[in-house]
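If you want the building blocks of each chain, they are given just below.
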Amino acid sequence: MFFFILTNNNSNKMFFLFILFFSTLISISSNSWFGCWIGLEINLLSFIPLISNSKNLLSVETSLKYFLTQSLASINFLFMILIKFSLLKNFNMNNIISIMMNSSLLMKMGSAPFHFWFPNIVEGLSWMNNFMLMTWQKISPMILLSYYFNKNFLIFMIIMNLIIGSLGGLNQTSLRKLLAFSSINNLGWMIFSIMISENLWLFYFLIYSMMIFMMISLFFLMNMYFMNQLFINNMNFFIKLNLLINFLSLGGLPPFMGFMPKWIIINFLLINKFYFLTFIFMMTSLIIIYYYIRIIYSSFMFNYFKMKWVNLLMKNNMSLINLSSFISISSMILSTFIFM
Amino acid sequence: MCFNSFFFLFFFMLINYFFFVYFIMNGLSVFFEWEIISFNSMSIVMSILLDWMSLLFMMFVSLISSVVIFYSKSYMNSELNLNRFIILVLMFVFSMVLLIISPNLISILLGWDGLGLISYCLVIYYQNLKSYNAGMLTALSNRIGDVMILMVICWVMNYGSWNYIFYFDFMKNDYVMFIISFMIIIAAMTKSAQIPFSSWLPAAMAAPTPVSALVHSSTLVTAGVYLLIRFNYLLIDMFFFKVLLFLSILTMFMSGISANYEFDLKKIIALSTLSQLGLMMSILSLGFPDIAFFHLLTHAMFKALLFMCAGVIIHMMNDIQDIRYMGGLSLYIPLTSLCLNISNLSLCGIPFLSGFYSKDLILEMVSFNSFNLMVFILFYLSTGLTVFYTFRLIMYVMINDFNLMMIYNLYDEDYIMLNSMFVLLFMSLLSGSFLSWFIFSYPYMIYLPFNLKLMVIYVSILGSILGFMVSNMGIYSLNKLLLSYNLSSFLCLMWFMPNLSTYGLSYIYLNFSQILFKNIDMGWSEIYSGKGIFNILKNYSVFYNIYQMNNFKIYLFSFILWFMILFIFFFI
Numbered sequence: 320m321f322f323f324i325l326t327n328n329n330s331n332k333m334f335f336l337f338i339l340f341f342s343t344l345i346s347i348s349s350n351s352w353f354g355c356w357i358g359l360e361i362n363l364l365s366f367i368p369l370i371s372n373s374k375n376l377l378s379v380e381t382s383l384k385y386f387l388t389q390s391l392a393s394i395n396f397l398f399m400i401l402i403k404f405s406l407l408k409n410f411n412m413n414n415i416i417s418i419m420m421n422s423s424l425l426m427k428m429g430s431a432p433f434h435f436w437f438p439n440i441v442e443g444l445s446w447m448n449n450f451m452l453m454t455w456q457k458i459s460p461m462i463l464l465s466y467y468f469n470k471n472f473l474i475f476m477i478i479m480n481l482i483i484g485s486l487g488g489l490n491q492t493s494l495r496k497l498l499a500f501s502s503i504n505n506l507g508w509m510i511f512s513i514m515i516s517e518n519l520w521l522f523y524f525l526i527y528s529m530m531i532f533m534m535i536s537l538f539f540l541m542n543m544y545f546m547n548q549l550f551i552n553n554m555n556f557f558i559k560l561n562l563l564i565n566f567l568s569l570g571g572l573p574p575f576m577g578f579m580p581k582w583i584i585i586n587f588l589l590i591n592k593f594y595f596l597t598f599i600f601m602m603t604s605l606i607i608i609y610y611y612i613r614i615i616y617s618s619f620m621f622n623y624f625k626m627k628w629v630n631l632l633m634k635n636n637m638s639l640i641n642l643s644s645f646i647s648i649s650s651m652i653l654s655t656f657i658f659m
Numbered sequence: 054m055c056f057n058s059f060f061f062l063f064f065f066m067l068i069n070y071f072f073f074v075y076f077i078m079n080g081l082s083v084f085f086e087w088e089i090i091s092f093n094s095m096s097i098v099m100s101i102l103l104d105w106m107s108l109l110f111m112m113f114v115s116l117i118s119s120v121v122i123f124y125s126k127s128y129m130n131s132e133l134n135l136n137r138f139i140i141l142v143l144m145f146v147f148s149m150v151l152l153i154i155s156p157n158l159i160s161i162l163l164g165w166d167g168l169g170l171i172s173y174c175l176v177i178y179y180q181n182l183k184s185y186n187a188g189m190l191t192a193l194s195n196r197i198g199d200v201m202i203l204m205v206i207c208w209v210m211n212y213g214s215w216n217y218i219f220y221f222d223f224m225k226n227d228y229v230m231f232i233i234s235f236m237i238i239i240a241a242m243t244k245s246a247q248i249p250f251s252s253w254l255p256a257a258m259a260a261p262t263p264v265s266a267l268v269h270s271s272t273l274v275t276a277g278v279y280l281l282i283r284f285n286y287l288l289i290d291m292f293f294f295k296v297l298l299f300l301s302i303l304t305m306f307m308s309g310i311s312a313n314y315e316f317d318l319k320k321i322i323a324l325s326t327l328s329q330l331g332l333m334m335s336i337l338s339l340g341f342p343d344i345a346f347f348h349l350l351t352h353a354m355f356k357a358l359l360f361m362c363a364g365v366i367i368h369m370m371n372d373i374q375d376i377r378y379m380g381g382l383s384l385y386i387p388l389t390s391l392c393l394n395i396s397n398l399s400l401c402g403i404p405f406l407s408g409f410y411s412k413d414l415i416l417e418m419v420s421f422n423s424f425n426l427m428v429f430i431l432f433y434l435s436t437g438l439t440v441f442y443t444f445r446l447i448m449y450v451m452i453n454d455f456n457l458m459m460i461y462n463l464y465d466e467d468y469i470m471l472n473s474m475f476v477l478l479f480m481s482l483l484s485g486s487f488l489s490w491f492i493f494s495y496p497y498m499i500y501l502p503f504n505l506k507l508m509v510i511y512v513s514i515l516g517s518i519l520g521f522m523v524s525n526m527g528i529y530s531l532n533k534l535l536l537s538y539n540l541s542s543f544l545c546l547m548w549f550m551p552n553l554s555t556y557g558l559s560y561i562y563l564n565f566s567q568i569l570f571k572n573i574d575m576g577w578s579e580i581y582s583g584k585g586i587f588n589i590l591k592n593y594s595v596f597y598n599i600y601q602m603n604n605f606k607i608y609l610f611s612f613i614l615w616f617m618i619l620f621i622f623f624f625i
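As given, the protein sequences belong to chains X and Y, one line each in that order. So in this note's numbering the end of the first sequence lands on 659, straight run, no missing numbers. So in this note's numbering the end of the second sequence lands on 625, straight run, no missing numbers.
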């Protein structure tokens with residue numbers, strides 16, 4: 320992100336990035352609900368300049384849509400905080416006000432059923448802004464969710480997230496929308512992990528954001544936004560391999576890194592006897608892997624399509640790709656050495 | 054490669070010969086034992102038993118295999134991968150030796166399974182459809198025997214080790230031994246192709262002729278007989294032996310009849326092997342294991358010789374195995390026809406050739422001891438049938454007119470093949486007397502009336518006359534009419550028993566599996582798991598897209614709607 324901003328001669332955005340980071344920290348470390356709301360507002364305000372670019376009509380429209388939904392959610396959040404203060408004197412979690420507060424936070428995050436803006440906006444942003452949207456912007460609503468949630472409501476939300484994330488992505492050809500739906504699906508996993516413990520959520524979130532970073536940086540370097548751009552150029556074998564590994568890792572296939580957080584969450588699911596929920600987690604995960612593999616399998620058949628007049632020069636950036644492949648493959652095994 | 058293995062095996066044969074003579078003169082028996090692991094009360098040992106029987110059998114096996122390898126240097130010289138063939142034959146010999154020297158069921162299993170597997174590889178050596186079918190039939194029939202021996206291994210674990218020879222005297226009346234004996238008999242029956250399992254032996258003639266000479270005449274098919282000879286103390290007064298007697302006598306009789314209807318040279322020899330195997334099994338089940346062993350060895354000699362002569366003839370006939378194309382060969386190939394005649398006459402039991410000693414002894418023992426009438430009749434009848442088909446074969450191949458082509462070249466001077474046949478010729482002349490002097494330290498006491506003693510000669514002469522007459526039949530003869538078609542096909546096709554193993558087994562299952570495959574694999578499981586689920590999901594996804602592609606204000610409105618729905622829903 321820094322790299323991108325630095326190369327585009329746009330050091331104004333560095334300022335807003337700094338405020339963005341700070342706003343999340345304000346939001347999660349305050350001891351009053353007002354502080355949380357303030358952090359969310361500053362988050363919104365500092366993200367808008369990051370994504371708006373007055374030369375491009377699409378990005379203006381995108382930033383406007385983002386502003387509208389997020390401000391609606393913030394208003395709702397503030398209002399529910401005030402109702403909670405005035406009506407409920409004691410602290411018990413699973414009541415009606417928590418539903419409203421959780422809904423507004425879910426709308427902030429882009430979780431179902433309030434997710435309709437998410438694929439739209441993702442389609443209008445560049446890759447690095449997408450990365451910010453998919454990873455950093457989820458931190459503060461998640462943590463605020465963990466402070467005051469309604470268990471039954473959240474389980475319903477999880478199921479909706481999973482199903483919409485898997486079914487919605489089946490029919491997409493734009494890579495950004497694909498990752499958006501995948502992000503919605505992973506939100507389901509993350510909301511469940513928040514309900515168990517914040518540490519577990521942090522583990523899942525870190526690995527997820529690392530995987531997303533690897534993929535988005537690959538797409539950014541190759542400037543690919545659509546599925547048909549994937550294999551029409553003359554890609555190196557290692558780039559294809561890296562793409563394969565990253566997609567499979569994101570889908571949660573065992574020897575790769577992305578399997579570990581899902582495994583641990585399934586473990587917690589089974590300990591707490593959420594058997595039917597486990598089934599839904601599994602099945603939707605299968606659908607997601609299906610459409611990942613559908614993208615990349617043709618690259619590894621013996622006779623693949625290769626156009627030789629579009630040359631992809633990646634000489635300077637191979638180290639990043641090699642490093643990310645290595646991390647994705649070997650993390651699970653290396654982690655056993657670290658954590659014993 | 055051929056010469057190396059020939060010399061090695063010949064040298065091995067000589068070593069075995071000298072050890073055999075030493076052991077049998079001094080009555081020695083050596084037992085080596087390495088204990089591999091002793092676990093909980095079960096000890097796994099690797100043991101080797103060298104007594105005169107195993108040394109003698111090893112000598113004969115190595116002699117035949119060395120001669121066969123030398124023969125196949127010339128027989129298979131147009132084969133590109135001759136080394137592969139020789140290696141397979143050597144592995145076969147190794148498995149056979151392992152089977153012979155082991156008093157331990159695990160090493161018997163290793164040898165037994167090795168024999169079955171390598172004989173499969175050798176039968177399918179010419180890779181055409183007929184060989185594949187034959188190989189499958191061979192391997193699966195032998196597999197039944199392997200399974201039986203595996204089960205015997207499980208049951209013998211009751212006794213603490215797998216060395217069965219220690220338990221015979223003490224445990225004879227035990228229930229476990231009862232089951233073990235049943236399974237051992239079935240295993241031996243599959244390997245030696247007795248009646249329910251007899252369909253593989255004529256089919257296995259799709260193998261190359263050296264393979265038939267080694268495997269299907271002397272070693273593989275006698276492994277079952279050898280196993281029963283080793284287990285003889287256990288089995289000797291059990292009920293199953295009487296069942297075995299019945300089945301082996303019927304095998305002997307049936308294959309003798311079927312060989313009279315056959316026109317394929319190698320199949321006639323295969324059926325004659327089957328008949329002699331029935332003879333060995335039946336004399337074994339009557340309680341004379343040493344005579345059975347004697348006949349096993351002499352039969353190995355002349356049958357291997359017979360197969361090798363058949364190989365030479367087939368080569369000369371432009372690879373045609375049908376005897377109706379052959380004839381008058383005794384005029385043109387004197388040396389080969391010498392070997393053929395001597396081995397055929399030895400098979401019939403003509404006096405003082407090698408087959409005479411064993412066959413005549415068997416028949417006299419049968420007459421001397423009082424068995425029932427059916428045993429007696431079938432023994433003598435089968436002996437007569439043996440002479441019958443032998444003489445028919447000699448008439449077709451040697452004496453009648455040559456039927457192949459106008460211009461021909463019958464090449465007899467292939468001295469590699471001839472020298473190998475001469476070794477076996479020498480042995481097939483002398484091995485009868487040689488073995489009878491060694492094995493029987495005192496002769497059997499047999500006292501028979503005059504006509505009963507000559508009964509063998511009577512049936513032989515009758516058989517030869519019939520053989521002569523049958524081969525002179527023309528187009529209008531009685532056995533070529535359609536009237537006798539039912540009886541002829543019953544007798545020719547081995548009493549329809551191969552259908553039990555081939556068509557009868559495969560038809561039902563293949564038919565059923567076609568129904569299953571069409572209806573389930575390509576039918577319902579596609580609706581419920583393959584394409585069906587994909588279509589459902591795709592339709593859901595398309596349906597979802599209707600909601601996704603909307604105006605922005607619709608989204609905002611939907612948020613409000615969702616708020617109210619969730620509020621009301623969870624409030625109640």
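It cannot be assumed that every hint is accurate.
Counterexamples of contact, computed for chain X against chain Y with all Cβ distances above 12 Å [unchecked claim]: (1) Asn414; (2) Met419; (3) Ser422; (4) Leu486; (5) Gln491; (6) Phe500.
Restricting the straight-line Cα-Cα distance to at most 30 Å, the calculated cross-link-like pairs of lysine-lysine (DSSO-like) are [claimed, not checked]: (7) Lys295(Y) with Lys625(X); (8) Lys183(Y) with Lys571(Y); (9) Lys225(Y) with Lys320(Y); (10) Lys606(Y) with Lys584(Y); (11) Lys332(X) with Lys403(X); (12) Lys584(Y) with Lys559(X); (13) Lys571(Y) with Lys591(Y); (14) Lys295(Y) with Lys591(Y); (15) Lys591(Y) with Lys384(X); (16) Lys320(Y) with Lys295(Y); (17) Lys470(X) with Lys408(X); (18) Lys559(X) with Lys627(X); (19) Lys606(Y) with Lys384(X); (20) Lys606(Y) with Lys571(Y); (21) Lys403(X) with Lys320(Y); (22) Lys408(X) with Lys332(X); (23) Lys559(X) with Lys506(Y); (24) Lys126(Y) with Lys374(X).
Here are the in silico distance ranges between beta carbons for each label pair [unchecked claim]: (25) Gly585(Y) with Ile599(X): 33 to 43 Å; (26) Phe620(Y) with Leu364(X): 22 to 32 Å; (27) Asn598(Y) with Leu540(X): 50 to 60 Å.
Read the hints as simulated data drawn from the structure, not as lab findings. Cβ atoms here follow ideal geometry from the backbone N, Cα and C, with glycine treated the same way.
Verification of the hints:
{"no.": "1", "hint": "Asn414", "in the structure": "9 Å, violated"}
{"no.": "2", "hint": "Met419", "in the structure": "7 Å, violated"}
{"no.": "3", "hint": "Ser422", "in the structure": "6 Å, violated"}
{"no.": "4", "hint": "Leu486", "in the structure": "5 Å, violated"}
{"no.": "5", "hint": "Gln491", "in the structure": "9 Å, violated"}
{"no.": "6", "hint": "Phe500", "in the structure": "10 Å, violated"}
{"no.": "7", "hint": "Lys295(Y) with Lys625(X)", "in the structure": "76 Å, violated"}
{"no.": "8", "hint": "Lys183(Y) with Lys571(Y)", "in the structure": "28 Å, holds"}
{"no.": "9", "hint": "Lys225(Y) with Lys320(Y)", "in the structure": "41 Å, violated"}
{"no.": "10", "hint": "Lys606(Y) with Lys584(Y)", "in the structure": "37 Å, violated"}
{"no.": "11", "hint": "Lys332(X) with Lys403(X)", "in the structure": "37 Å, violated"}
{"no.": "12", "hint": "Lys584(Y) with Lys559(X)", "in the structure": "28 Å, holds"}
{"no.": "13", "hint": "Lys571(Y) with Lys591(Y)", "in the structure": "26 Å, holds"}
{"no.": "14", "hint": "Lys295(Y) with Lys591(Y)", "in the structure": "70 Å, violated"}
{"no.": "15", "hint": "Lys591(Y) with Lys384(X)", "in the structure": "29 Å, holds"}
{"no.": "16", "hint": "Lys320(Y) with Lys295(Y)", "in the structure": "29 Å, holds"}
{"no.": "17", "hint": "Lys470(X) with Lys408(X)", "in the structure": "20 Å, holds"}
{"no.": "18", "hint": "Lys559(X) with Lys627(X)", "in the structure": "16 Å, holds"}
{"no.": "19", "hint": "Lys606(Y) with Lys384(X)", "in the structure": "10 Å, holds"}
{"no.": "20", "hint": "Lys606(Y) with Lys571(Y)", "in the structure": "53 Å, violated"}
{"no.": "21", "hint": "Lys403(X) with Lys320(Y)", "in the structure": "98 Å, violated"}
{"no.": "22", "hint": "Lys408(X) with Lys332(X)", "in the structure": "43 Å, violated"}
{"no.": "23", "hint": "Lys559(X) with Lys506(Y)", "in the structure": "89 Å, violated"}
{"no.": "24", "hint": "Lys126(Y) with Lys374(X)", "in the structure": "88 Å, violated"}
{"no.": "25", "hint": "Gly585(Y) with Ile599(X): 33 to 43 Å", "in the structure": "20 Å, violated"}
{"no.": "26", "hint": "Phe620(Y) with Leu364(X): 22 to 32 Å", "in the structure": "29 Å, holds"}
{"no.": "27", "hint": "Asn598(Y) with Leu540(X): 50 to 60 Å", "in the structure": "30 Å, violated"}
The structure does not agree with the numbered hints 1, 2, 3, 4, 5, 6, 7, 9, 10, 11, 14, 20, 21, 22, 23, 24, 25 and 27 stated previously, though it agrees with the rest.
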